[in-house]
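K.L.:
Required output: the full structure, derived from the provided sequences and hints.
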Amino acid sequence: MIKFFLMVNKQGQTRLSKYFEHVEIHKRTSLEADVIKSCLSRTKDECSFVEYKDFKLVYRQYAALFIVIGVDEAENELAVYELVHNFVEVLDKYFSRVHSCFSLHLERVGYNVQPGQSAHYFG
Amino acid sequence: MAPSSVKLQELIRVIRTAKTQAEERGMIQKECADIRSAFRDEDPAFRCRNVAKLLYMHMLGYPAHFGQMECLKLIASPRFTDKRVGYLGAMLLLDERHDASLLITNSIKNDLNHSSQYIQGLALCTLGCMGSPEMCRDLATEVERLLKASNSYIKKKAALAAVHIVRKVPELIELFIPATKRLLGEKNHGVLHGTVILITEMCERSPDTLRKYRKVVPELVQIMKGLIMSGYSPEHNVAGISDPFLQVRILCLLRILGHHDGDASEAMNDILAQVATNTDTSKNAGNAILYETVLTIMDIRSESGLRVLAVNILGRFLLNNDKNIRYIAMMSLLKMVQTDHNAVQRHRGTIVDCLKDTDASVKRKALDLSLALVNAHNVRSMMKELLPFLDNCPPELRSDCASGVFLAAEKFAPSKRWHIDTILRVLTTAGSFVRDETVPNLIVLITNASELYCYTVHKLYRAVLNDISQQPLVQVASWCIGEYGDLLLTGVCEDVEPMQVTEDEVLDVLETLLQSHMSSPATRAYALTALMKLSTRIRDNVDRIRKVVSIYGSCIDVELQQRAVEYNALFKKYDHMRSAVLERMPLMEKGSPNHNDQSALISNGEREGGGETQGGVKLQPPVASQTMDLLDLIGVPDASLPEALPQPLSQPLTGQTGIESSVGGELLDLLGGIDFGGIPSITAYNKNGLSLEFSFQREQGSLLTITLQARNSTASDMTEFIFQAAVPKTVQLQLQAPSGDVVPAMNRGSVSQSILINNPNRVALKMRLRLSYSVQGSSVQDVAEVSNFPAQAWQ
Chain L
1 MIKFFLMVNK QGQTRLSKYF EHVEIHKRTS LEADVIKSCL SRTKDECSFV
51 EYKDFKLVYR QYAALFIVIG VDEAENELAV YELVHNFVEV LDKYFSRVHS
101 CFSLHLERVG YNVQPGQSAH YFG
Chain G
1 MAPSSVKLQE LIRVIRTAKT QAEERGMIQK ECADIRSAFR DEDPAFRCRN
51 VAKLLYMHML GYPAHFGQME CLKLIASPRF TDKRVGYLGA MLLLDERHDA
101 SLLITNSIKN DLNHSSQYIQ GLALCTLGCM GSPEMCRDLA TEVERLLKAS
151 NSYIKKKAAL AAVHIVRKVP ELIELFIPAT KRLLGEKNHG VLHGTVILIT
201 EMCERSPDTL RKYRKVVPEL VQIMKGLIMS GYSPEHNVAG ISDPFLQVRI
251 LCLLRILGHH DGDASEAMND ILAQVATNTD TSKNAGNAIL YETVLTIMDI
301 RSESGLRVLA VNILGRFLLN NDKNIRYIAM MSLLKMVQTD HNAVQRHRGT
351 IVDCLKDTDA SVKRKALDLS LALVNAHNVR SMMKELLPFL DNCPPELRSD
401 CASGVFLAAE KFAPSKRWHI DTILRVLTTA GSFVRDETVP NLIVLITNAS
451 ELYCYTVHKL YRAVLNDISQ QPLVQVASWC IGEYGDLLLT GVCEDVEPMQ
501 VTEDEVLDVL ETLLQSHMSS PATRAYALTA LMKLSTRIRD NVDRIRKVVS
551 IYGSCIDVEL QQRAVEYNAL FKKYDHMRSA VLERMPLMEK GSPNHNDQSA
601 LISNGEREGG GETQGGVKLQ PPVASQTMDL LDLIGVPDAS LPEALPQPLS
651 QPLTGQTGIE SSVGGELLDL LGGIDFGGIP SITAYNKNGL SLEFSFQREQ
701 GSLLTITLQA RNSTASDMTE FIFQAAVPKT VQLQLQAPSG DVVPAMNRGS
751 VSQSILINNP NRVALKMRLR LSYSVQGSSV QDVAEVSNFP AQAWQ
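As given, the protein sequences belong to chains L and G, one line each in that order. Counting in my numbering, the final residue of the first sequence is number 123, and the numbers go up one at a time with none missing. Counting in my numbering, the final residue of the second sequence is number 795, and the numbers go up one at a time with none missing.
Don't read these hints as lab results, they were simulated from the structure. Mixed in with the good hints, there may be bad ones.
[Stated by the list, open to error] Subject to a maximum C-alpha distance of 27 Å in a straight line, what follows is the list of computed DSS-like cross-link-like pairs (lysine-lysine):
id, chain 1, residue 1, chain 2, residue 2
1, L, Lys93, L, Lys18
2, L, Lys10, L, Lys93
3, G, Lys168, G, Lys225
4, G, Lys729, L, Lys53
5, G, Lys283, L, Lys56
6, G, Lys181, G, Lys212
7, L, Lys18, G, Lys30
8, L, Lys44, G, Lys109
9, G, Lys30, L, Lys3
10, G, Lys356, L, Lys18
11, G, Lys323, G, Lys335
12, G, Lys181, G, Lys168
13, L, Lys37, L, Lys56
14, L, Lys53, L, Lys27
15, G, Lys168, L, Lys44
16, G, Lys212, L, Lys18
[Said to hold, decoys possible] Pulled from the structure, derived: some chain G residues nowhere near chain L, Cβ distances all over 12 Å:
id, residue
17, Ser37
18, Glu174
19, Lys384
20, Ala449
21, Met588
For every residue, glycine included, the Cβ atom is placed at its ideal position computed from N, Cα and C.
P.N.:
Rendered as structure tokens:
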């Protein structure tokens with residue numbers, strides 16, 4: 001199951017976050033900071049799966065933006081990795097210029113995350 | 001007058017210009033205040049925009065609960081843009097914990113029947129995201145109806161909402177079963193995907209449903225075939241593969257259906273083989289499908305050919321350049337190593353190569369796998385790889401690696417010498433990461449390898465000359481030098497190039513250890529005792545040792561001071577006993593304490609704070625370390641050298657091997673009445689944390705004094721402890737007054753009582769005990785029989 005979906009920039013600021021399980025709001029910020037720290041400290045030749053507490057992080061970097069998905073043990077990590085790329089391609093098509101642009105159209109991204117996740121991977 | 005409100009994009013831009021956290025907070029608070037007043041004014045014009053801004057600020061981590069009611073109002077509005085923001089807000093801000101969530105049930109119900117499919121979609125989405133069990137129950141029938149709608153968009157959304165309903169209210173599973181069977185025939189991948197997820201969820205929650213769905217395995221196989229065989233379909237194409245996400249989902253469902261079921265597994269054998277061989281592996285999508293296939297093959301009752309295929313796929317993954325794939329392969333192999341050990345062994349070479357990988361996660365997995373693959377045949381070659389790895393590995397893996405190496409060495413060591421060598425190697429490289437019990441274990445190992453004393457002591461001496469910072473190594477080395485120093489000094493050794501070592505050099509080394517600031521207090525204690533032992537093994541420099549020992553008699557460290565004082569006494573008053581006392585240690589047993597073992601051996605050389613106790617002995621830990629070392633040397637239960645001990649030992653240890661009785665006899669004069677004699681003590685009773693030890697002393701003729709010690713190892717005291725006993729008819733018994741009636745918790749103290757027995761007919765002694773005590777407010781009574789009295793007690 002996907003636990004959360006984050007888009008973070010290189011400075012550590014959250015651009016988009018969607019939680020599929022309830023997490024207290026003050027815990028969210030610390031969770032995001034922690035997750036971002038572990039992803040940012042990875043070098044280029046390390047794999048994209050990080051074991052963090054009791055779940056796994058699958059992250060992918062696109063220029064200045066990191067997309068991180070937290071999944072539990074039951075997920076196929078390679079498939080989630082593929083999903084991230086698929087999502088970015090969808091956003092690309094929809095907004096025709098990813099990265100900074102779409103974050104301004106947040107509400108539309110929010111709608112995309114929900115049905116996008118649902119259609120491909122809600123589970 | 002409607003105040004002009006900032007657009008969302010404008011707000012985002014402004015917030016991004018904030019340079020510090022405080023600045024950002026200021027901006028957000030100002031905006032929140034504006035929004036709050038706008039909400040108060042009940043102005044519908046900008047409500048949608050304000051809520052959107054609020055949601056953005058919520059996402060950044062600021063509280064936004066005051067927007068909840070506004071979301072409800074937006075949902076109730078007829079405009080689509082309002083509804084859209086309202087539902088999004090409901091999904092983000094409301095969850096089943098809030099009572100406000102119930103208020104939208106009615107709105108959702110109305111919107112589920114709306115004419116516009118997009119509004120229906122919104123409602124389904126929201127229900128599927130945050131629906132509480134009550135909402136789910138209310139709206140389940142609506143959702144089920146929509147599952148049969150003609151519109152694919154709606155069907156897809158309804159399937160996903162159903163997934164959530166099934167999660168929240170498993171009793172409603174039955175409701176959705178008929179619809180899903182029909183949905184499997186759909187052409188639309190979105191609907192198919194949703195249906196597969198729904199079926200997966202239902203099967204995971206209810207074994208009955210699982211049985212019912214086994215019948216659809218052929219249909220699923222058909223769908224998979226269609227996906228693999230179909231040509232290029234631009235709608236579903238991802239990296240050249242037709243809808244890999246759906247393929248992965250179906251494989252996952254097949255895994256669940258085939259688990260533990262032979263027929264279902266057979267039906268899917270073909271398709272699994274086909275997927276495994278036909279999938280294009282140049283892109284990640286293909287590898288994802290292959291990975292899922294391997295997982296499925298491993299989990300169902302597949303035929304052996306298929307399993308071999310799966311292991312081979314994993315082997316190929318291991319050689320892949322892509323790190324992600326190597327990581328995945330290692331993880332799966334780790335899962336498989338228990339069941340398919342031989343198959344994984346074939347890939348041992350590649351796995352060991354991965355130890356040199358640069359990625360930390362891959363290294364960790366490789367280490368775990370390598371340790372799991374060590375067996376008696378490959379232990380030497382594996383160690384040759386693992387030991388260099390230990391030198392270079394990141395610190396967080398060192399202790400795991402060290403303990404893994406020890407375990408493997410213990411299980412599979414081909415020879416004692418190899419074993420000792422390996423442990424020494426680990427201690428020199430990763431000494432500070434090993435666990436505490438390594439030192440005693442190693443000492444036991446060394447003692448038991450009597451032919452290797454010379455070799456071992458030479459090697460250790462050399463190691464200590466090089467480096468005295470690794471505490472476990474230094475401790476073992478000083479113990480060995482103390483024990484076997486005479487072998488070191490003779491300079492003769494077959495296996496190792498002998499060094500010419502003089503007595504002075506050895507004493508220098510030990511004194512350096514004593515004085516070095518790098519030595520821990522435990523290490524110093526070891527070194528001092530080693531020095532003392534050497535006093536009997538060397539000829540010329542005994543005075544030097546005497547001087548050192550007397551210096552430490554005024555050391556600040558109480559442990560060292562006590563030892564030094566005791567050793568001083570050995571030099572002065574008991575010099576005639578010194579050589580006997582400081583003899584070589586007897587062979588030791590390593591193992592778990594055995595309560596009824598009557599020939600208890602004392603374990604080990606030095607021990608800090610009561611590690612392994614053997615026999616029925618429970619010594620209070622702080623006393624133990626002070627008394628035990630002297631006991632080790634003497635090998636005799638010793639309650640007092642008068643100046644040394646704070647309290648007498650209450651429990652004698654008996655039956656030491658290799659002890660001269662004269663030593664014991666002379667010491668007895670000092671001991672003053674503590675039981676010591678040929679009769680071993682027994683544990684008469686041990687239940688519920690209360691244990692009773694009997695120790696014996698024969699008086700003249702048929703009289704026997706039994707001293708009973710009652711101890712309590714639970715967390716709370718036992719009060720009102722009363723002990724009663726009965727013996728066979730011809731035996732007379734007299735109970736003396738007990739020392740008290742409270743048995744303190746956690747073995748902090750004991751109650752002792754004397755029992756006088758007269759057994760003139762020398763019948764076999766048996767006793768029936770009756771105990772009563774109170775613990776934690778409830779009273780306990782128990783009756784027990786004791787019949788394991790040693791023969792010397794009554795013969």
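K.L.:
Hint by hint, say whether it matches the structure.
P.N.:
Results of checking the hints against the structure:
{"no.": "1", "hint": "L:Lys93 / L:Lys18", "result": "holds (21 Å)"}
{"no.": "2", "hint": "L:Lys10 / L:Lys93", "result": "holds (23 Å)"}
{"no.": "3", "hint": "G:Lys168 / G:Lys225", "result": "violated (34 Å)"}
{"no.": "4", "hint": "G:Lys729 / L:Lys53", "result": "violated (67 Å)"}
{"no.": "5", "hint": "G:Lys283 / L:Lys56", "result": "holds (22 Å)"}
{"no.": "6", "hint": "G:Lys181 / G:Lys212", "result": "holds (11 Å)"}
{"no.": "7", "hint": "L:Lys18 / G:Lys30", "result": "holds (25 Å)"}
{"no.": "8", "hint": "L:Lys44 / G:Lys109", "result": "violated (50 Å)"}
{"no.": "9", "hint": "G:Lys30 / L:Lys3", "result": "violated (33 Å)"}
{"no.": "10", "hint": "G:Lys356 / L:Lys18", "result": "violated (38 Å)"}
{"no.": "11", "hint": "G:Lys323 / G:Lys335", "result": "holds (19 Å)"}
{"no.": "12", "hint": "G:Lys181 / G:Lys168", "result": "holds (22 Å)"}
{"no.": "13", "hint": "L:Lys37 / L:Lys56", "result": "holds (14 Å)"}
{"no.": "14", "hint": "L:Lys53 / L:Lys27", "result": "holds (14 Å)"}
{"no.": "15", "hint": "G:Lys168 / L:Lys44", "result": "violated (41 Å)"}
{"no.": "16", "hint": "G:Lys212 / L:Lys18", "result": "violated (35 Å)"}
{"no.": "17", "hint": "Ser37", "result": "holds (22 Å)"}
{"no.": "18", "hint": "Glu174", "result": "holds (21 Å)"}
{"no.": "19", "hint": "Lys384", "result": "holds (26 Å)"}
{"no.": "20", "hint": "Ala449", "result": "holds (41 Å)"}
{"no.": "21", "hint": "Met588", "result": "holds (41 Å)"}
Hints 3, 4, 8, 9, 10, 15 and 16, counting from the list given before, are not met by this structure.
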